[in-house]
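S.K.: Residues per chain, in single letters:
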Amino acid sequence: MAEQQLFKVTIDNITVEVPAGTTILNAARKIGGEVAPPAMCYYSKLKDSGGKCRTCLVEVSKGSEKDPRPMPKLVASCRTTVMDGMEVKNITSEKALDARKGVVEFLLINHPLDCPICDQAGECDLQNLSYEHGNEGTRYEFQRRTFEKHSLGPYIQLHMTRCILCFRCVYTADQLTNKREHGILDRGDHSEIATYIEKSLENDFIGNVIDVCPVGALTDRTFRFKNRVWFTKPVDAHRDCPTCSGRAQLWMRGDEVFRVTARKDEWGEVMDTPDGKPGWICNTCRFEKKNTSDWVIEGPTKVDRHSVISQGHYIGMKVPNETFQPLMKGREPKLMMDIHDVSEVNKTNIDLSLIEGPATSETFSPDA
Amino acid sequence: MQALTTRAKQVQRKPLSWVERIYLWNIFKGMLITFSHIFKKQPTIHYPEQKRTFSPVFRGLHVLNRDEEGRERCTACGLCAVACPAEAITMEAAERMQGEEHLYREEKYAAKYEINMLRCIFCGLCEEACPKDAIYLSETFTPSDFTRESFIYGKENLLIPDPVKQPEAFAKARGLN
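Chains A and B, in that order, give the protein sequences. Numbering follows numbering that gives the first Met the number 0, with no gaps: position 120 of the first sequence is 119. Numbering follows numbering that gives the first Met the number 0, with no gaps: position 78 of the second sequence is 77.
One should not assume that every hint holds.
Stated by the list, open to error - Derived pair list, reagent style DSS-like, types lysine-lysine, alpha-carbon separation capped at 30 Å:
id	chain 1	residue 1	chain 2	residue 2
1	A	LYS94	A	LYS7
2	B	LYS131	A	LYS232
3	B	LYS131	A	LYS100
4	B	LYS154	A	LYS232
5	A	LYS346	B	LYS111
6	A	LYS148	B	LYS111
7	A	LYS288	B	LYS111
8	A	LYS178	A	LYS198
9	A	LYS148	B	LYS131
10	B	LYS111	A	LYS232
11	B	LYS131	A	LYS346
12	A	LYS317	A	LYS232
13	A	LYS333	B	LYS111
14	B	LYS154	A	LYS346
For the record, the hints were derived by calculation from the structure and aren't laboratory data.
Pulled out of the complex, with its shape left as it was, chain A reads as follows:
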């Protein structure tokens, strides 16, 4: 095969060379950092994804070397391929930033203000996007759309009101599992993610829809309301799994494994395994292996310092030398109170990480 043709493309005054057929978004991701436009529906590991949410809009100020006219409208960078000599403006373009602000407002029109309840809060793409690009208030004065509750089985919790219809979960089911059982029903304002007849999603690998969901529409029912993301500590771990790569991330608190997810890269997508395949994990790893003994722990995941998940992780903490014992000739200090004797929280007889669904008043009732 002849050597692939390389195109020179300039994004926000940074020039990069990419093979022909690369999208503007992927070229920008090659540069990295702030230049890469945000994406809510595009997922590089899923074929055909993208082109739906319009958050990745960029301005093309020069079409190519041969045809230097600018493109008349903003283009979706996840679907537009680069041309040789193309010049793209993302964060340097006021037009693109203004359009993105509008897109965020549209995405948030029907999105409920559920963040205090939502399990995705803290690692939510829409939350991050609206912090960076959105308005503080809303101009929408009407009722937000509501849906009848629809159960997707014991593992996956669907909150249709939070959905932004990115189609990622549909592609995941199509491309990873043997049979897709859910999809988007109805159209327009009424379109919703559902199975046609109430059916639970139990295909192997279907748990990955939780990881690809950019909002809290599909969340892990085994983690539901157990803890907040920022109180759990992510560690990289692996196990010998016959069906999947077995490389996962455990969200732990003390010795308890609260949640298992696939490892994510800097774009919030599933990380590749060393052999270059996306590291999707199977349902057994995700939902059933909630003991530390099931896993080989590699070490804590590196979390961005500015992320809320890194709060309370005291890295590099120096514990001062205890002076009491040498001074008191080896006598132990007298403890005035052990907090676990008094506290009602984190009772040793209730293992939240091991109960199947969310905790209810029955879990905490005195006779339970």
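We have chain A already, so just place chain B on it with the hints.
M.R.: Just chain B, lined up with the frame of chain A:
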């Protein structure tokens, strides 16, 4: 050696005179200062009977709020705990079951909610962080006690009385009467 301050005085080591040795003159001088205070304005008050007015921004004991129907507002979102610089707040969340709609405002609620008043520094950041108007710092002190155990405040200590079922207690807690 150079003196650290300009007010340092050399200690006098000379032996006391006879007047100084009987101390009567010094006692009289001291009592004169004591008596003169009888005629001055008192800076103290008689505490439990008299109370000083609080500043409008006083931050005292925490209160977990209810809405007007008496449902608990807290959804255990954890923002107060993450904002707390003293790490005094812990909680455990639970899902609201069918038939509990009159107890809790949202789908998720705090089954356990604890503030360690020994750790709390009354900075009010929890109040500021709360997205649901659920926690407030009231204008009361944390009562003093002899044991440490009594400073772990659970939901039963923190929740404001139900405005529907116990209107008098609620009004009293709000300081309305």
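S.K.: Take a quick look at whether LYS131 (chain B) and LYS346 (chain A) sit within 30 Å of each other, Cα to Cα.
M.R.: Roughly 27 Å between the alpha carbons, so the hint for LYS131 (chain B) and LYS346 (chain A) holds.
S.K.: Checking one constraint from the list: CA of LYS333 (chain A) to CA of LYS111 (chain B), max 30 Å. Satisfied?
M.R.: 29 Å, holds
S.K.: Take a quick look at whether LYS154 (chain B) and LYS346 (chain A) sit within 30 Å of each other, Cα to Cα.
M.R.: OK: LYS154 (chain B) and LYS346 (chain A) at ~15 Å, within 30 Å.
S.K.: For the pair supplied as a hint, LYS317 (chain A) and LYS232 (chain A), is the alpha-carbon distance within the 30 Å limit?
M.R.: 19 Å, holds
S.K.: Has the given pair, LYS131 (chain B) with LYS100 (chain A), been kept, meaning a C-alpha gap of at most 30 Å?
M.R.: 26 Å, holds
S.K.: Within a Cα-Cα threshold of 30 Å, do LYS154 (chain B) and LYS232 (chain A) meet the stated pairing?
M.R.: 27 Å, holds
S.K.: Holds or violated: LYS288 (chain A) with LYS111 (chain B), Cα cutoff 30 Å?
M.R.: 27 Å, holds
S.K.: Would the hint linking LYS148 (chain A) and LYS111 (chain B) be met if the CA-CA limit is 30 Å?
M.R.: Roughly 27 Å between the alpha carbons, so the hint for LYS148 (chain A) and LYS111 (chain B) holds.
S.K.: Quick one, are LYS178 (chain A) and LYS198 (chain A) close enough, alpha carbons at most 30 Å?
M.R.: 13 Å, holds
S.K.: Under the criterion that the straight-line Cα-Cα distance not exceed 30 Å, is the pair LYS148 (chain A), LYS131 (chain B) satisfied?
M.R.: 24 Å, holds
S.K.: Does the alpha-carbon distance linking LYS346 (chain A) and LYS111 (chain B) stay inside the 30 Å limit?
M.R.: Answer holds: LYS346 (chain A) to LYS111 (chain B) is near 10 Å, not above 30 Å.
S.K.: Does LYS7 (chain A) lie within 30 Å of LYS94 (chain A) when you go C-alpha to C-alpha?
M.R.: 23 Å, holds
Checked against the numbered hints given earlier, the structure satisfies every one of them.
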